[in-house]
Amino acid sequence: MGKMTLADLKAMRDDKKKEIDRRETDKAVTVIIGMGTCGIAAGAKATFDAMIAELNNCDVVDVVVKQTGCMGFCAVEPTVQVIANGMPATIYNRVSAEIGVRIVKEHIVGGKLVSEYVYDNPSKDILAD
Amino acid sequence: MAYKNFALVCAGTGCHSTDGQEIYDNLIASAEKHGVSGDVQVVKTGCFGFCEQGPIVKVLPEESFYVKVKATDAEEIIAEHIVKGRAVDRLLYKEPGSKTAGKIEDMGFYQKQLRIVLRNCGLINPENIEEYIAREGYQALGKVLTEMTPEDVINELKTSALRGRGGAGFPTWMKWNFTKQVDGVDKKFVVCNADEGDPGAYMDRSTLEGDPHSVIEAMAIAARTIGADQGYIYIRAEYPLAIERLEIAMKQAREFGLLGDGILGTDFNFDIEIRLGAGAFVCGEETALLASIEGERGIPRPRPPFPAVKGLWGRPTLINNVETLANIPMIILKGGEWFASIGTKDSKGTKVFALTGKINNSGLIEVPMGTTLREIIYDIGGGIPNGKKFKAVQSGGPSGGMLTAEHLDTPIDYAGLQALGSMMGSGGLIVMDEDDCIVDVVRFYLEFAVDESCGKCSPCRIGGRKLLNIVERMTAGTATEKDIQNIEDISDAMKKASLCGLGQTTPNPTLSLLRYFKDEMLAHVKDSTCPAGKCKDLVKYTIDAEKCIGCTLCARRCPVGCISGGKRELHVIDQDACIKCGECFTACKFDAVLKG
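Top line first, the protein sequences correspond to chains Y and G. Start counting the first sequence at 2; every next residue gets the next number (the working numbering). Start counting the second sequence at 578; every next residue gets the next number (the working numbering).
Hints are not guaranteed to be accurate.
As the list claims (entries may be wrong) - Taking lysine-lysine and the DSSO-like style, the derived pairs with C-alpha atoms no more than 30 Å apart in a straight line are:
1. G/LYS1113 - G/LYS1103
2. Y/LYS19 - G/LYS720
3. G/LYS1033 - G/LYS1043
4. Y/LYS18 - G/LYS581
5. Y/LYS106 - G/LYS1113
6. G/LYS621 - Y/LYS106
7. G/LYS828 - Y/LYS11
8. G/LYS828 - Y/LYS19
9. G/LYS1172 - G/LYS1144
10. G/LYS661 - Y/LYS113
11. G/LYS581 - Y/LYS113
12. G/LYS911 - Y/LYS11
13. Y/LYS67 - G/LYS1144
14. G/LYS1144 - G/LYS1059
15. G/LYS1103 - Y/LYS19
16. Y/LYS17 - G/LYS828
17. Y/LYS4 - G/LYS828
18. G/LYS621 - Y/LYS113
19. G/LYS720 - Y/LYS17
20. G/LYS1103 - Y/LYS113
21. Y/LYS18 - Y/LYS67
22. Y/LYS46 - G/LYS828
23. Y/LYS4 - G/LYS966
24. Y/LYS11 - G/LYS621
25. G/LYS911 - Y/LYS17
26. G/LYS720 - G/LYS966
27. G/LYS1144 - Y/LYS19
28. Y/LYS106 - G/LYS1124
29. Y/LYS113 - G/LYS610
30. Y/LYS67 - G/LYS966
31. G/LYS1117 - Y/LYS46
32. G/LYS581 - Y/LYS28
33. G/LYS621 - G/LYS645
34. G/LYS1113 - Y/LYS67
None of these hints come from the bench; they were simulated from the model.
If we strip away everything but chain Y, and leave its shape as in the complex, we get (with noise of 0.2 Å):
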């Protein structure tokens, strides 16, 4: 991508913003694992990698798996959100690389809620409305 205008910009926004909502996105599942100082101090690399590995274990190759930022939670970190088609959107917490592999098998492969390790939401999204 080059040096951009104005209506390039607003053209990738409109472009992107479905994707981020995942009205067009081609994969099934979105993994994402917050990896902020927090997450990566509790773990969060070695459970990216294992379910990274899991994922190519079981054969699912219907997955993006992405890093992103602190959301809060850092007594509970590292935590892992699940956008599975026909599951509800869930975020995980104090997920170590085992939990993270039993997260692929469960929850991604199995359609279960890993149960003890589901957190909530800490607030609505402010962009949204």
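We have chain Y already, so just place chain G on it with the hints.
Coordinates of chain G only, in the frame set by chain Y:
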């Protein structure tokens, strides 16, 4: 087979209720009884931060939010909601004063938080500019460049009544206006103060790590408004991840033509450089920060001239804190009036707090100004761990003061905190419980301030040391009543005569001690005792001969092996060897170890 419903049961440690497990078991049993085990998955969750209304059961995908659920209600939730698809109306949460249950998202009580600064943190990938753009990123800059004059921007900020979030709370529009008004100079600068140094505070770090572009965009808006073409971000080297993400963000912004020459196809040029600080607390003070950027020793200088007139290399310089800047794009996009509709009379918008210490859900929160301490600590923070009693919260770090249980219902805003002898500060909130000794906490803050004093002016350099000496004497039980009198005199001199905010605010924690914890302080001074049992010189552990049954547990736990006594014999602590760690006191199951 896919589930149709999910029943989430709050089983967080913050919830005082112990019914979570029973509700969980009953929901599973009822689901089996009704033959719907395959339709609903019952799940245990962490704290929803809604503890006063707990226990809570949330049923998805309908988002029905059941509050104050009893174990006996489980059957009805399954039979009505899951089997018949009808929500159990009597258990649904209703907004006070309203008769109908709203959507979870709209519930005022549930959503204590409002995220303006943190709007993208935890949502977008901070290393991908396209995700920021998808969330209206750089649209505010586009608007400023094409539709607004610099005066329009300043008027919008004035309407918003945004005040500086770094601590002092100076009206942001005035700062921008002062810098803009200086004429006849060859250059102006925009500086972002990311030198976050309060112990326990990490709001700015998290913002930069989670949403670096919001700060870059705001700096470009500021530069356009005041007429600058060069910016600096002053950030401490202890924040490697924030620095890395800023660098990635700046590189991407340059590639996209959002930094550099001819931004968005206009004639506006602006670029940013990062300057690393070495972690001196005083460099968060604006004149010391500027000195450090210039390569000088980080020490403050007297003001005026203010940086708005004479800043970096003698040129007009606008300095804003990370959080202040992160608000700007939203104010431009949604308007000053929208921003001013949030918060209290003198404090608009939201404030980000780093909630730490003796609190269940420690973390990063953003709430509208005017939220009470009670809402922050109990509704969002989930209360104090292990059923301990709340004692105080330190707001504003080493520059702030203590707020006590009687202030729990005070709305938090600039004026409110100042009236209580505390300050907004940058946003660190450290919660203390009954086990914490306030004298000991004050000693910690004074030690920090003395370490970090740059030494340039004597009120701060000598006054801080003198205060620390007094408080150290208190923790050793050797302070006198004359010392208490001296605290007020020294503090007064420091507040009046110190060169910068560091020295002027160093006495605040000590004054808080005098104001709100006089009894606890007097116990240290007059009786040489520490009621909380934290000050090691004042606490002594002994074993009650009547109660000790000789179980040997304390002797085994003692890390220095200073407890003697065999099985079924009376144990004795060797006072000379004891390091007063309190392990024996916590270990004893028979209350035989006495603290005093």
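Verification of the supplied hints:
This hinted pair checks out: G/LYS1113 and G/LYS1103 have alpha carbons roughly 17 Å apart, not beyond 30 Å. A distance of roughly 22 Å separates the Cα atoms of Y/LYS19 and G/LYS720; the hinted pair therefore holds under the 30 Å criterion. Proposed proximity of G/LYS1033 and G/LYS1043 is supported: the alpha carbons are some 16 Å apart, at most 30 Å. Note on Y/LYS18 and G/LYS581: the hinted pairing holds, with a Cα-Cα distance of about 29 Å set against a maximum of 30 Å.
For the proposed pair Y/LYS106 and G/LYS1113, the alpha carbon gap of about 52 Å is over 30 Å, so the pair is violated. Using a Cα cut-off of 30 Å, the hinted pair G/LYS621 and Y/LYS106 holds, with the two alpha carbons roughly 18 Å apart. The straight-line distance between the Cα atoms of G/LYS828 and Y/LYS11 is roughly 20 Å, inside the 30 Å bound, and the hint therefore holds. Between G/LYS828 and Y/LYS19 the alpha-carbon distance is near 25 Å, which keeps this suggested pair within the 30 Å criterion.
For a cut-off of 30 Å, the pair hint linking G/LYS1172 to G/LYS1144 stands: about 23 Å separates their Cα positions. Restraint check: the Cα-Cα separation between G/LYS661 and Y/LYS113 comes to about 22 Å, which is no more than 30 Å; the hinted pair holds. Distance restraint check for G/LYS581 and Y/LYS113: the Cα-Cα separation of roughly 11 Å lies within the 30 Å cut-off, and the hinted pair is therefore satisfied. A distance of roughly 17 Å separates the Cα atoms of G/LYS911 and Y/LYS11; the hinted pair therefore holds under the 30 Å criterion.
Under the criterion of a C-alpha separation no larger than 30 Å, the hint pairing Y/LYS67 with G/LYS1144 is inconsistent with the structure, at around 59 Å. Pair hint G/LYS1144 plus G/LYS1059 does not hold up; C-alpha atoms about 50 Å apart against a cutoff of 30 Å. Taking the CA atoms of G/LYS1103 and Y/LYS19, the gap is about 69 Å. The hint is violated against a cut of 30 Å. Note on Y/LYS17 and G/LYS828: the hinted pairing holds, with a Cα-Cα distance of about 20 Å set against a maximum of 30 Å.
The hinted pair formed by Y/LYS4 and G/LYS828 meets the criterion: a straight-line CA distance of about 12 Å does not exceed 30 Å. For the given pair, G/LYS621 sits about 12 Å from Y/LYS113 by alpha-carbon distance, which is consistent with the 30 Å threshold. For the given pair, G/LYS720 sits about 19 Å from Y/LYS17 by alpha-carbon distance, which is consistent with the 30 Å threshold. For a cut-off of 30 Å, the pair hint linking G/LYS1103 to Y/LYS113 is broken: about 63 Å separates their Cα positions.
Proposed proximity of Y/LYS18 and Y/LYS67 is supported: the alpha carbons are some 16 Å apart, at most 30 Å. Proposed proximity of Y/LYS46 and G/LYS828 is supported: the alpha carbons are some 24 Å apart, at most 30 Å. In summary, the hint linking Y/LYS4 to G/LYS966 is not supported, as the alpha carbons are separated by about 58 Å, beyond the 30 Å threshold. Only pairs whose Cα atoms come within 30 Å are accepted, and Y/LYS11 paired with G/LYS621 is rejected, the gap being roughly 43 Å.
For the hint pairing G/LYS911 with Y/LYS17, the CA-to-CA distance comes to about 21 Å; that is within 30 Å, so the pair holds. Taking the CA atoms of G/LYS720 and G/LYS966, the gap is about 51 Å. The hint is violated against a cut of 30 Å. Restraint check: the Cα-Cα separation between G/LYS1144 and Y/LYS19 comes to about 72 Å, which exceeds 30 Å; the hinted pair is violated. For the hint linking Y/LYS106 to G/LYS1124, the alpha-carbon distance of about 54 Å lies beyond 30 Å, and the restraint is violated.
A C-alpha spacing of about 20 Å is found between Y/LYS113 and G/LYS610, which places the hinted pair at or below 30 Å, so the restraint holds. As the CA atoms of Y/LYS67 and G/LYS966 are separated by approximately 41 Å, the hinted pair breaks the 30 Å bound. A C-alpha spacing of about 45 Å is found between G/LYS1117 and Y/LYS46, which places the hinted pair above 30 Å, so the restraint is violated. Proposed proximity of G/LYS581 and Y/LYS28 is supported: the alpha carbons are some 22 Å apart, at most 30 Å.
Distance restraint check for G/LYS621 and G/LYS645: the Cα-Cα separation of roughly 16 Å lies within the 30 Å cut-off, and the hinted pair is therefore satisfied. Using a Cα cut-off of 30 Å, the hinted pair G/LYS1113 and Y/LYS67 is violated, with the two alpha carbons roughly 49 Å apart.
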